[in-house]
Amino acid sequence: MKTENETEINQKLAKQRETEATEDLRLVSMVLDGQVNAFRHLVEKYQSPVYNLIVKIIHDKDEAKEITQEVFVKAYESLASFRSDHKFFSWIYRIAVNAALNQLKKQKKMVGLDTLKGVSDAAEELMNEREQLLQKAIKMLNEKYSVLIVLKYYEQMSYKEVAETMAITEKKVRSRLFEARQQLKEMLEKTSYF
Amino acid sequence: MNTEKNSDEMQKRAENISGLRISDNAASPSVNSMTDDQKLAEIENDLNKLSQTSERIDLADKIMTKIEARTNKQTVSWWDHPVWEQIFAPAQLRFAFVLFAGVIIGASLVWFFNTGGTLPQQSMLSGTMSSVAGNEISYAYQHASYKLIPYRIDNLYYLNFLINSTDEMETEVTFLESEYSLVSSGFLSKGNNNSAYYSGKVVFAASEMSNFQLVFEKTTENQASVMVVVNRNKNQIIKKELFLK
Chain X
0 MKTENETEIN
10 QKLAKQRETE
20 ATEDLRLVSM
30 VLDGQVNAFR
40 HLVEKYQSPV
50 YNLIVKIIHD
60 KDEAKEITQE
70 VFVKAYESLA
80 SFRSDHKFFS
90 WIYRIAVNAA
100 LNQLKKQKKM
110 VGLDTLKGVS
120 DAAEELMNER
130 EQLLQKAIKM
140 LNEKYSVLIV
150 LKYYEQMSYK
160 EVAETMAITE
170 KKVRSRLFEA
180 RQQLKEMLEK
190 TSYF
Chain U
0 MNTEKNSDEM
10 QKRAENISGL
20 RISDNAASPS
30 VNSMTDDQKL
40 AEIENDLNKL
50 SQTSERIDLA
60 DKIMTKIEAR
70 TNKQTVSWWD
80 HPVWEQIFAP
90 AQLRFAFVLF
100 AGVIIGASLV
110 WFFNTGGTLP
120 QQSMLSGTMS
130 SVAGNEISYA
140 YQHASYKLIP
150 YRIDNLYYLN
160 FLINSTDEME
170 TEVTFLESEY
180 SLVSSGFLSK
190 GNNNSAYYSG
200 KVVFAASEMS
210 NFQLVFEKTT
220 ENQASVMVVV
230 NRNKNQIIKK
240 ELFLK
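Taken in order, these protein sequences are the chains called X and U. Numbering that gives the first Met the number 0 puts the first residue of the first sequence at 0, with every later residue one more than the last. Numbering that gives the first Met the number 0 puts the first residue of the second sequence at 0, with every later residue one more than the last.
Bound conformation, chain U alone (with noise of 0.2 angstroms):
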């Protein structure tokens, strides 16, 4: 089927190269005579004997002036910056782009009409992670920020404490060992810092970016405290008892 088909299509070409319809039965005895690698070797040996027609143009100086227009245009914002439209140009990306947007669109829709319309509240959060409301620290004063971001996943509480400063910034975090357990703390980040560890007691001073985490596992049902005090330049900045529950 396929062969005949083929067939009819190299007609068909035959019939365009020509401009004259030729039968099957139209080849000269000269064809007939000749093997196929003869004929291969025949149309090998034109190919290389073909008119090497080539003609002398000069677009130099439209090329280079459209170059030199590219080169000198200003800087393009970087959301109409052409690797944007590279990016975006294959049809599939395209609509990958468009239906991830989609997704998110109506889930965020979704999400806000379920739960009635309210902007998100951390009492809301439930499941594995969230919050502890109401124990965060912020403190921001010539060069020198200072955060506090606590959360709790399952039974444990995450103390995060985020410090850029100039000077150097000691905290000192003490609790009752009968009320909570140290799971662990260390800097998550390289740096300017040191820390200590005693009993129901933790010191730690950093400056610059600096990232310490502490991670205790409450073992009271009672209410419980834990006191982080803040000191800069021996200076005390910040004292606040943090409640985890």
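Here chain X stands alone, though its shape is the one from the complex (with noise of 0.2 angstroms):
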């Protein structure tokens, strides 16, 4: 259960976000004016977000590197298609989104055994035994799983963003997300997790 702190901090974020697709909405608008730098502020502002995103979804930084820079030069040309009556962060998120996974499809790039007992570095050798546990469990689930988490849980989207972003609806994000952990509940029975 969350903590009221918690959901405090969840709702102090959206209407952050809120306030932020205003301006990205003017940026947007002063792009398609021509100005073409005003891009630079949306590049600034989210693209590590994006690579943070595309990492947690492919687990590769170089490549992830390479797929940010395709996302937001696709954005750039598809952003006459941007409607103004979504978020700009939903709508570069969801061209995130798909970039990844074409990846990974490409690549057959399939988080297996061999990758998961490799995985060792900095930031996982702080996290305890648990959490470990937990993050093997997300990387094992099937990709249309794994993306919710990532979404919801590490970049705490709402699940309204979430399904914006998915371009699903909000009560397919919430069976998605209980399938989701019923999965890893399974997995994590087997291991010492409980």
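Please keep in mind that the hints were generated in silico from the structure rather than gathered at the bench. All figures in this text were calculated on a predicted structure; none of them were measured in a lab. Glycine is no exception: its CB is placed at the ideal position from the N, C-alpha and C atoms. Some hints here could point you the wrong way.
[To be verified] Derived DSSO-like pairs: lysine-lysine, alpha-carbon spacing no greater than 27 angstroms straight-line:
| hint | chain 1 | residue 1 | chain 2 | residue 2 |
| --- | --- | --- | --- | --- |
| 1 | U | LYS48 | X | LYS44 |
| 2 | X | LYS105 | U | LYS239 |
| 3 | X | LYS60 | X | LYS44 |
| 4 | U | LYS48 | X | LYS170 |
| 5 | X | LYS104 | X | LYS73 |
| 6 | X | LYS73 | X | LYS105 |
| 7 | X | LYS143 | X | LYS159 |
| 8 | X | LYS104 | U | LYS65 |
| 9 | U | LYS217 | X | LYS86 |
| 10 | U | LYS217 | U | LYS239 |
| 11 | U | LYS217 | X | LYS159 |
| 12 | X | LYS44 | U | LYS239 |
| 13 | U | LYS189 | X | LYS138 |
| 14 | X | LYS86 | X | LYS44 |
| 15 | X | LYS159 | U | LYS48 |
| 16 | U | LYS61 | X | LYS11 |
| 17 | X | LYS105 | X | LYS64 |
| 18 | U | LYS48 | X | LYS143 |
[Unchecked claim] Sample of chain U residues with no beta-carbon within 10 angstroms of chain X, all distances over it, derived:
| hint | residue |
| --- | --- |
| 19 | LEU46 |
| 20 | ALA59 |
| 21 | LEU98 |
| 22 | LEU181 |
[Stated by the list, open to error] Derived contacts from chain X toward chain U, CB cut-off under 10 angstroms, selection only:
| hint | residue |
| --- | --- |
| 23 | VAL35 |
| 24 | ASN36 |
| 25 | VAL42 |
| 26 | LYS64 |
| 27 | GLU69 |
| 28 | TYR75 |
| 29 | ILE137 |
| 30 | ILE148 |
| 31 | LYS151 |
| 32 | TYR152 |
| 33 | SER157 |
| 34 | TYR158 |
| 35 | ALA162 |
Once you've looked at the hints, go ahead and assemble the two chains, each given alone in its own frame, into the complex.
Below you can see the structure in the form of structure tokens.
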């Protein structure tokens, strides 16, 4: 169960995103009016979140940097198709998620046994055993579940924001996340997690 | 069967997570004492506490360089436009396009060889539609072009007048009502035009881009003709007798 403090933080984050969304729309319209440099502000604002999102999906930092660049170039090229009733960050996150998933398919990159056993970066070493087990279990999930976990729990998006990003209904997000937690439970039951 | 398979899959995944083979009986007493709901709640709780490891990167210069390079790129020819690449990117579309092109080429070859390798002739056309060869009119002179394209569908004769002129072109079509009955007539285009109908005569005047159509039905077996006279600025420029067979 979330504590009141966590709920408050999430609400603040959502409110902050709302404010930022308005500023993003202003920048988008400037770009569409021919001010290419306004796009730099959007890049500077979202490059790190987009990169970190991609890393969490494909687990490869070098590739993630390449894909991040492609995502922004693609976003620039298709900016005219961006609908102002959507949030820019949801839109760019969707492009990023699709690009990351495409990359996974292209390389037929499965997060398999060897990869997981070899995972040992500095950040992971700092985690406690439970968190490591949970992180590894998330990586083992089907990508349709793991992407939602990344958006909901790592990116701390609301259900509504996840739904917007993935272009699915909020109900579908909730049901898929429930299924994801069920699968995590089944995997973790066979470890020392509980 | 599926349940067993899923169970095996979960077992394999669990082995990957822990790196150890854990038997189904290896669960600790505390696991058994927790209900499924409690376990799910604990996972949810831990998910909410996941480490927010995020790295800051700076790719703005690289990205903007790429964007500016693309923005400054010369206009591509229409056939090199990326939209074609996008349209034909899905394999199904490529397949459909190649199949369609193949069918067209194949049908053309079959038709060509079946007709003895000759080019199409109007006399070979049969069925419901044919042209009325020898009755066409084509005029083009100083900002004016005038064409009459006649064709026949069954027993109906269609006269299509195509006019594109800065000056007014007046056309007078006369015929014997004992030979032809006027089925329909009128402008197919909007614009600066007018028309009048008399017994055995249709007169219409038009300028700019206009299209007028007359449809006759021949009521006699004998040879019969329709006279077309065209005036430009009151000067006669065309006079032709059409023998619609």
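Contradicted hints - numbers only: Hints 2, 9, 11, 12, 13, 16, 19, 20, 33, 34, 35 not satisfied by this model.
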